[in-house]
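Below are the chains, spelled out letter by letter.
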Amino acid sequence: MTEKYKTLNQKIEELDNQVEWFYSDDFKLDQATEKYKKATKLAKEIDVDLKNLKNEIEILAEDFSK
Amino acid sequence: MENNFTPTELVALVNQTLEYAYSAVLLTGEVASFKVNQEKWVFFDIKDEESSISCFMPVWSLRMPLEDGMKVVVRGTPKLTRWGKFSFTATAVQPVGEGSLKKAFELLKKKLSGEGLFDINKKRPIPADLTRLGVISSTQAAGYHDFIKIINARWGGMKVYTAHTQVQGMDAPDQIMRALKYFNERGDVQMIAILRGGGSADDLSCFNDEALVRAIAASKIPVITGIGHEVDETLCDLAADVRASTPSNAAEMLTPDREEEMIKVYRALKQCHQTILQKAEWAQNENASKVKKVSQGLISKYIEPMLKSNADKMQYALQKVQSECENAQNMIFNKLRLLEALNPEKILRQGYAILTGKVSPGDVVKITTFKQEIKAEVKEIYDRKI
Chain A
1 MTEKYKTLNQ KIEELDNQVE WFYSDDFKLD QATEKYKKAT KLAKEIDVDL
51 KNLKNEIEIL AEDFSK
Chain B
67 MENNFTPTEL VALVNQTLEY AYSAVLLTGE VASFKVNQEK WVFFDIKDEE
117 SSISCFMPVW SLRMPLEDGM KVVVRGTPKL TRWGKFSFTA TAVQPVGEGS
167 LKKAFELLKK KLSGEGLFDI NKKRPIPADL TRLGVISSTQ AAGYHDFIKI
217 INARWGGMKV YTAHTQVQGM DAPDQIMRAL KYFNERGDVQ MIAILRGGGS
267 ADDLSCFNDE ALVRAIAASK IPVITGIGHE VDETLCDLAA DVRASTPSNA
317 AEMLTPDREE EMIKVYRALK QCHQTILQKA EWAQNENASK VKKVSQGLIS
367 KYIEPMLKSN ADKMQYALQK VQSECENAQN MIFNKLRLLE ALNPEKILRQ
417 GYAILTGKVS PGDVVKITTF KQEIKAEVKE IYDRKI
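As they're listed, the protein sequences go chains A and B. Counting from 1, position 50 in the first sequence corresponds to residue 50 in our numbering; the numbering is continuous, with no gaps. Counting from 1, position 226 in the second sequence corresponds to residue 292 in our numbering; the numbering is continuous, with no gaps.
Everything labelled a hint here was simulated from the structure, so no lab data went into it. Some hints could be false.
[Said to hold, decoys possible] In the SDA-like style, the derived pairs of lysine to any residue whose C-alpha atoms are separated by at most 25 Å in a straight line are: (1) A/K66 - B/Q344; (2) A/K51 - B/A219; (3) A/K38 - B/P191; (4) A/K41 - B/G235; (5) B/K345 - A/K66.
[To be verified] Sample of chain B residues at the chain A side, in silico, Cβ under 8 Å: (6) W221; (7) M224; (8) T231; (9) Q344; (10) T434; (11) F436; (12) K437; (13) Q438; (14) I440; (15) A442; (16) I452.
Ideal Cβ positions, reconstructed from N, Cα and C, are used throughout, including at glycine.
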């Protein structure tokens, strides 16, 4: 799935992974600022998505009475 | 004019009339003389205080356990048999009244439980990334509207497909089963929610239908039920993968709260920030400690031995210098003593005198004593006898 079409949950999962890096053995102080900036950017995207995303409700045309 | 019929004609006419006038009849009463023949046909009577009607139905149409004494509602059509007996061909049976409902519930629960339909190990969780949901409910029901309102308030980005069915009455189980089959065949939803708001035990009894319970247990797609109120428990709830107490509760279980999620997101970022600061501080301390350790290593490896070596050398040199100084000092002292001994002043002090000048009779010489200088004339010169 491309960056553009990531779902909200996928973005949250990605952020979780990014945050996990800070607590992992892979943590490197010289990369931390860049990673933090990236996580902040993603968090802002999630914030926008959370405020704007709406559910799409479709009532099926099928007749289940027969 | 009187009509003249053969028995076959009369039976056919009566049945035609019955079918026209009473194509679908609900018959409510108490079960009596219940029996199953050859595991194919079910026979029982429905009676009240005054009358009794014989009923029969194929065994597969019976979707609840029956026992004599249970109060039920039977759907069917009245018929006259070719032997001239009145019969009621049943197509569906449902228990009515608290006692019968409870009895039917317990009997079916025991049976299906024995088959492992409610096995807790078979339960599947709600998918973590739920974006496509199938809903089976009546779109007119308040419970359904509560559900939609709550999921819209809590979350976004989901595609919800709603299959409108009856959620009470004798037709409800078949309609719900058709919708279940539809979603399973379609295969693009991640979870199916069966929803129905609160109601009486009779209203909810369709959710104890054996075929429906089996269909839920057999669904390839996980099923969540939100039926009735907190206190209500149906066999569909037991067969479902996840049981919510109400439609609203189902909405809460299926969707995270967007505000809580945002708080979590920013809290996680804050923790990352703190982690960076903390690890930077640790790194600083660690570097300082490393520098100290390295410098201590260098000191002990190079400086200290060098200092020690120099100190030894210096000590040796010092001792040597001291020794040479002492020697020189002694030599000087001896020379000084010698010089002192040879000092004319010291000789003069001892009472001697120094004679200077040409010593010939008649010459004037200078005689120096400790305190005086004397000019004297040489009178005579002769050798000393030593």
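These are the hints, each one checked on the structure:
1. Taken as a hint, the A/K66 and B/Q344 pair is broken in the structure, with Cα atoms around 66 Å apart against an allowance of 25 Å.
2. For the proposed pair A/K51 and B/A219, the alpha carbon gap of about 10 Å is at most 25 Å, so the pair holds.
3. Restraint check for A/K38 and B/P191: the C-alpha separation of about 32 Å exceeds 25 Å, so the hint is violated.
4. Between A/K41 and B/G235 the alpha-carbon distance is near 53 Å, which puts this suggested pair outside the 25 Å criterion.
5. At most 25 Å may separate the alpha-carbon atoms for a hinted pair to count; B/K345 and A/K66 exceed this at roughly 66 Å.
6. Interface restraint check: B/W221 against chain A, minimum CB-CB distance 7 Å, threshold 8 Å, status holds.
7. Because the closest C-beta pair between B/M224 and chain A is about 4 Å apart, less than 8 Å, the hint holds.
8. Given the 8 Å rule on beta carbons, the hint for B/T231 holds: about 5 Å separates it from the nearest Cβ of chain A.
9. Nearest Cβ of chain A to the Cβ of B/Q344: about 10 Å, over the 8 Å cut. The hint is violated.
10. This hint is violated: B/T434 has a C-beta 96 Å from the nearest C-beta of chain A, more than the 8 Å allowed.
11. About 94 Å separates the beta-carbon of B/F436 from the nearest beta-carbon of chain A, more than 8 Å, and the hint is not met.
12. With a least beta-carbon distance of about 96 Å to chain A, the hint placing B/K437 at the interface is violated under the 8 Å criterion.
13. About 99 Å separates the beta-carbon of B/Q438 from the nearest beta-carbon of chain A, more than 8 Å, and the hint is not met.
14. The criterion of a C-beta within 8 Å of any C-beta in chain A is not met by B/I440, whose closest approach is roughly 103 Å, and the hint is violated.
15. Interface hint at B/A442: violated, since its Cβ lies 107 Å from the closest Cβ of chain A, which is beyond the 8 Å cut-off.
16. Annotation: interface hint on B/I452 violated; nearest CB of chain A at approximately 106 Å, more than 8 Å.
Of the numbered hints stated above, those contradicted by the structure are hints 1, 3, 4, 5, 9, 10, 11, 12, 13, 14, 15, 16, listed in ascending order.
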